[in-house]
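A.B. asks: Sequences listed follow chains R and P, in order.
Take 1 as the starting number for the first sequence in the working numbering and just add one per residue.
Take 329 as the starting number for the second sequence in the working numbering and just add one per residue.
It should be emphasised that the hints constitute simulated quantities derived from the structure, not laboratory data.
Possibly wrong hints are sitting among the right ones.
[Unchecked claim] A few chain R residues that face chain P, going by a derived Cβ cut-off under 7 Å, partial list only: (1) Ser64; (2) Val68; (3) Ala72; (4) Pro82; (5) Ala84; (6) Thr86; (7) Glu90; (8) Ile99; (9) Leu103.
[Stated by the list, open to error] Listed below are the simulated SDA-like cross-link pairs for lysine to any residue, each with C-alpha atoms no more than 20 Å apart in a straight line: (10) Lys133(R) - Leu349(P); (11) Lys543(P) - Glu73(R); (12) Lys133(R) - Gly531(P); (13) Lys528(P) - Gln83(R); (14) Lys257(R) - Lys200(R); (15) Lys221(R) - Asn25(R); (16) Lys130(R) - Pro347(P); (17) Lys130(R) - Lys528(P); (18) Lys133(R) - Lys543(P); (19) Lys130(R) - Glu120(R); (20) Lys133(R) - Ile523(P); (21) Lys221(R) - Gly531(P); (22) Lys528(P) - Leu89(R); (23) Lys130(R) - Glu337(P); (24) Lys543(P) - Tyr104(R); (25) Lys257(R) - Lys212(R); (26) Lys178(R) - Gly460(P); (27) Lys212(R) - Leu89(R); (28) Lys272(R) - Gln294(R); (29) Lys200(R) - Ile226(R).
What you are looking at is a predicted structure, and each value in this text was computed from that prediction instead of being measured.
Note that CB positions come from ideal geometry on N, CA and C, so glycine has one too.
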Amino acid sequence: MSAIEVLEIRKCFGSFCAVDRLSFNVERGEIFGLLGPNGAGKSTLIRMLTTLILPTSGGARINSFDVVRSAAEVRRSIGVIPQALTSDLELSARENMNIFAKLYSVPRERRRRVVKELLEAVELGQWADKPVKNFSGGMRRRLEIARGLVHEPNIFFLDEPTTGLDPASRIGVWEMLKKLKQGRDLTILLTTHYMDEADKLCDRIAIVDHGKLVALDSPLKLKASIPGNDILEISFSRVPEGWYETLKSLPEVQSVKAEDHVYRIGSNNGPKTTVALMEATQRAEVEITSLSVQSTTLDDVFMHYTGRQLRDALQEARYDFGFMPPRR
Amino acid sequence: MNRMLAIIERDMRRFMRSPTLIVVSMFLPIVQLVVLGYAFGGKIKELRVGIVDQDRGIPTVKLREMFGAIAANARTFTTVDYTDLTKANTDLREGRINGVLTIPPDFSRRYLAQERPQVALIEDNTDNFAVGALEGTFSDVVGAFNQRGLSPRVPSGVTLSVVELYPYVPYIQYLLSGTIVLAIYISAMIGGGIIYIDDKARGLHEGYLLTPISKSELILGFNLSGSIKATLSGLVLTTLGSIIAGIPNPLDPIRLAKLFLLIVITSVALISMMFLLMVRVSDPLVPRSIFGVLNTLLYFPSGAVYPINGFPKWMRVMSRFDPFTYAVHAFKSLLLKNTPLVAIAGDLTYLALFGLLSMLLATWLFQRTL
Chain R
1 MSAIEVLEIR KCFGSFCAVD RLSFNVERGE IFGLLGPNGA GKSTLIRMLT
51 TLILPTSGGA RINSFDVVRS AAEVRRSIGV IPQALTSDLE LSARENMNIF
101 AKLYSVPRER RRRVVKELLE AVELGQWADK PVKNFSGGMR RRLEIARGLV
151 HEPNIFFLDE PTTGLDPASR IGVWEMLKKL KQGRDLTILL TTHYMDEADK
201 LCDRIAIVDH GKLVALDSPL KLKASIPGND ILEISFSRVP EGWYETLKSL
251 PEVQSVKAED HVYRIGSNNG PKTTVALMEA TQRAEVEITS LSVQSTTLDD
301 VFMHYTGRQL RDALQEARYD FGFMPPRR
Chain P
329 MNRMLAIIER DMRRFMRSPT LIVVSMFLPI VQLVVLGYAF GGKIKELRVG
379 IVDQDRGIPT VKLREMFGAI AANARTFTTV DYTDLTKANT DLREGRINGV
429 LTIPPDFSRR YLAQERPQVA LIEDNTDNFA VGALEGTFSD VVGAFNQRGL
479 SPRVPSGVTL SVVELYPYVP YIQYLLSGTI VLAIYISAMI GGGIIYIDDK
529 ARGLHEGYLL TPISKSELIL GFNLSGSIKA TLSGLVLTTL GSIIAGIPNP
579 LDPIRLAKLF LLIVITSVAL ISMMFLLMVR VSDPLVPRSI FGVLNTLLYF
629 PSGAVYPING FPKWMRVMSR FDPFTYAVHA FKSLLLKNTP LVAIAGDLTY
679 LALFGLLSML LATWLFQRTL
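Next up, chain R with everything else stripped away, as it sits in the complex (with noise of 0.2 Å):
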């Protein structure tokens, strides 16, 4: 049985629905991504899941319990890290710890013992007790990931764990999070909007935007499911009739995008369309002004499937600000 099921899950807001009948299953011991831009329901569905809100239709089941009707049996067999940072900084990190673990009713020997282990592993022990207040964002996040497991659940949530960290904590959290799950049976669900994230950590990935899933596989099948593996993005001193269909003759290239004087050439093998390329300019007598050749990308992935860049979508969301529940 999936550690987690979602069926035809929705929820509105008013006439906007932040998710819209979404449905996956999540696999035991899989670490699955949630990835889409601000405001794509991520957030809306992860506490939909956490039992944070209810459903508008639809529903889940974690562990087998379903999120609506047996919510207090879910809740004690997940863990979850929200995406504000919520430790107590007056607090040290021990403190936190066991401040949770007894909202978990964790025996006093276990928590001890616990609480160390999970210090250790996050590499705070020798800060643990020391005031968070002193903590830098990647160990406060640390310090959460940490206190999310002090119950010992097999199911972990974390909505958007490195947002607002730097590029080496980031890639220190994503150590952290593979190193815990190694010793533990756990099945990790991860909202992010970092394609690289997305992309090195999870086994299987769920591009989410506007509340509906456009696409799910593992991050090396959703690369090959679009045409043409390596993009080339290339730009012309000049564009001669009939290029475009000179373009898309050219050996290996499965699809070619104009945008703005620069073309996407999407191509199964890039160094030999590249090669090709060169002879076809030659002979057309047109300067090349720019060229690059890179591999497919999440990015890639997510323009395919929605028809704009993430980092489009990122921006957008910016200055829509998204939709997020008020907290209450």
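Following the hints, position chain P against chain R.
C.D. replies: This is chain P only, laid out in the frame that chain R set:
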């Protein structure tokens, strides 16, 4: 139960590490007690009274000597001689003096002929307190001046003997009860209002809601931790305030035990009220903007600074529902009269029922989801 205790533990640890919070909730009310107690409670002295003597007869000399005695001893006022009534009135209007006593030209003749002799006090009635002090003192002086010769050994008229049940109560002691309730309220306002909403806005409550803690454990935990802080605040103010205000036997253990019970019940009532008010609020600006008004609506109609009998009817209705009224009355009974608990049983019952009802309503309104 353990989860509820975890909420309390967290709150108390945070409280103990915030010296600013302790100072604000415990010591600011003491400052208020001292400043207000002495600002309102002192006897009025050193008023300046102009005397315009247009008579200058022998009886006038006697009257002026009596005023001079007040100026030299009680020092309620000092006298300034004027020859010109117009000049004295100008000085009165311009605030240089507080009143003008005029002795008319035929005062001595009328006094000796027993033909309704009169002196006049012209007063600046924009200051009721100064006017009250002047009128009281002048009436006493004129009353003494009217007693001719020696008093009879056995008075033939009716006299009033005043018997005071308790030692003299200075205003600072009168104010103490209200100040203790105010300290508990400030603690409830900070813990149950401002910090509660700030934590909510910071997402700390989201962390709680993700755990298996139940709605009642959460509300009870918040209430009890808030009540413990408010009780500590009340105890400090009761002890220090009693010493500062000069309450007799401030450390009497039996009275302290009764006061402790009252402080606990008042704390629970006010914290529960605060949670009821804040249970659906999420904007951190809301508690900050309503607490000043709420303070005025609860503190002043309670009889903390002025007797309820002096209020208009609509305000007396407010007082009847105001939990401060019952708390202030009970504190006054214990601090000023050291009454047995039975004398404040009605107050304790009202406060306990008010707290219970508020807590039940807050639990009912509290949402376990976002």
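A.B. asks: Now tell me, hint by hint, if it's right for this structure.
C.D. replies: Each hint tested on the structure:
no.: 1; hint: Ser64; result: violated (17 Å)
no.: 2; hint: Val68; result: violated (10 Å)
no.: 3; hint: Ala72; result: holds (5 Å)
no.: 4; hint: Pro82; result: holds (5 Å)
no.: 5; hint: Ala84; result: holds (4 Å)
no.: 6; hint: Thr86; result: holds (4 Å)
no.: 7; hint: Glu90; result: holds (5 Å)
no.: 8; hint: Ile99; result: holds (5 Å)
no.: 9; hint: Leu103; result: holds (4 Å)
no.: 10; hint: Lys133(R) - Leu349(P); result: holds (17 Å)
no.: 11; hint: Lys543(P) - Glu73(R); result: holds (15 Å)
no.: 12; hint: Lys133(R) - Gly531(P); result: holds (16 Å)
no.: 13; hint: Lys528(P) - Gln83(R); result: holds (14 Å)
no.: 14; hint: Lys257(R) - Lys200(R); result: violated (28 Å)
no.: 15; hint: Lys221(R) - Asn25(R); result: holds (17 Å)
no.: 16; hint: Lys130(R) - Pro347(P); result: holds (18 Å)
no.: 17; hint: Lys130(R) - Lys528(P); result: violated (24 Å)
no.: 18; hint: Lys133(R) - Lys543(P); result: violated (29 Å)
no.: 19; hint: Lys130(R) - Glu120(R); result: holds (14 Å)
no.: 20; hint: Lys133(R) - Ile523(P); result: holds (17 Å)
no.: 21; hint: Lys221(R) - Gly531(P); result: violated (37 Å)
no.: 22; hint: Lys528(P) - Leu89(R); result: holds (15 Å)
no.: 23; hint: Lys130(R) - Glu337(P); result: holds (18 Å)
no.: 24; hint: Lys543(P) - Tyr104(R); result: holds (14 Å)
no.: 25; hint: Lys257(R) - Lys212(R); result: violated (25 Å)
no.: 26; hint: Lys178(R) - Gly460(P); result: violated (82 Å)
no.: 27; hint: Lys212(R) - Leu89(R); result: violated (37 Å)
no.: 28; hint: Lys272(R) - Gln294(R); result: holds (13 Å)
no.: 29; hint: Lys200(R) - Ile226(R); result: holds (19 Å)
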